[in-house]
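S.K.: Sequence:
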Amino acid sequence: MTPAIEQLKKCAIKFDILSYEHDINNTNYGLEAVEKLNLNSAQVFKTLVLETSEQQLIVAVTPVTQQVNLKQLAKLCAVKKVMMADPQKVQASTGYILGGVSPFGQKKRLKTYIHSSALEFKAIYVSAGKRGLEVTLTTEDLARLTQATFGTF
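What the sequence shown shows, in the working numbering, is residues 567 to 719, in sequence order.
Since the hints were derived computationally from the structure, they do not count as laboratory data. Among the clues, some could well be false.
[As the list claims (entries may be wrong)] The calculated label-pair distances, taken between Cβ atoms and stated as ranges, are:
| no. | residue 1 | residue 2 | range |
| --- | --- | --- | --- |
| 1 | Asp582 | Lys647 | 35 to 41 Å |
| 2 | Lys647 | Ala578 | 37 to 43 Å |
| 3 | Pro653 | Arg675 | 27 to 33 Å |
| 4 | Lys647 | Cys577 | 29 to 35 Å |
| 5 | Lys647 | Met567 | 20 to 26 Å |
[As the list claims (entries may be wrong)] Here are the simulated BS3-like pairs of lysine-lysine, each with C-alpha atoms no more than 30 Å apart in a straight line:
| no. | residue 1 | residue 2 |
| --- | --- | --- |
| 6 | Lys641 | Lys674 |
| 7 | Lys655 | Lys575 |
| 8 | Lys673 | Lys575 |
| 9 | Lys647 | Lys673 |
| 10 | Lys575 | Lys674 |
| 11 | Lys655 | Lys677 |
| 12 | Lys655 | Lys674 |
| 13 | Lys677 | Lys575 |
| 14 | Lys646 | Lys688 |
| 15 | Lys655 | Lys641 |
| 16 | Lys602 | Lys576 |
| 17 | Lys576 | Lys646 |
| 18 | Lys602 | Lys646 |
| 19 | Lys647 | Lys576 |
| 20 | Lys674 | Lys696 |
| 21 | Lys602 | Lys575 |
| 22 | Lys655 | Lys637 |
| 23 | Lys602 | Lys641 |
| 24 | Lys688 | Lys677 |
| 25 | Lys677 | Lys696 |
| 26 | Lys641 | Lys688 |
| 27 | Lys576 | Lys637 |
| 28 | Lys575 | Lys696 |
| 29 | Lys688 | Lys673 |
| 30 | Lys580 | Lys637 |
| 31 | Lys575 | Lys646 |
| 32 | Lys580 | Lys647 |
| 33 | Lys688 | Lys575 |
| 34 | Lys602 | Lys647 |
| 35 | Lys580 | Lys646 |
| 36 | Lys688 | Lys576 |
| 37 | Lys576 | Lys673 |
| 38 | Lys655 | Lys576 |
| 39 | Lys576 | Lys641 |
| 40 | Lys674 | Lys646 |
Glycine residues also receive a C-beta, built at the ideal position from the N, C-alpha and C atoms.
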């Protein structure tokens, strides 16, 4: 049981767990989940941790098929710039390793931004806190649990 799943249970959030055998040679974790679980790629979201120019860590939950537009995300965050965070900082802050970062159940709650395309779906898939493990939950529950801001980035 991951911290993400424990938090979902503790908060009485309705969710489903999907698992697959992670290929250790595959570093495109989100698309691997799409392929192995036969999911609609537009509904599968990756959890990225970025660092602002003010050295604050933030979370971006974005479709696995898209790259984050760093300038648009910085504008949404009202900072000069954002960049991908160092993997060691990500693990220290969230408790998760890359490819298994969940938007919830993190050691330290980080300001979270969800790509507005998530609003097109009743439910989306995000990491359950471990490579090869996904959860599906409503977009509203995800936003409420993470106190997220929606935006296009």
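S.K.: Could you tell me which of the hints above the structure violates, numbers in ascending order?
M.R.: Of the numbered hints given earlier, those the structure breaks are 3, 5, 14, 17, 18, 19, 23, 27, 30, 31, 32, 34, 35 and 39, listed in rising order.
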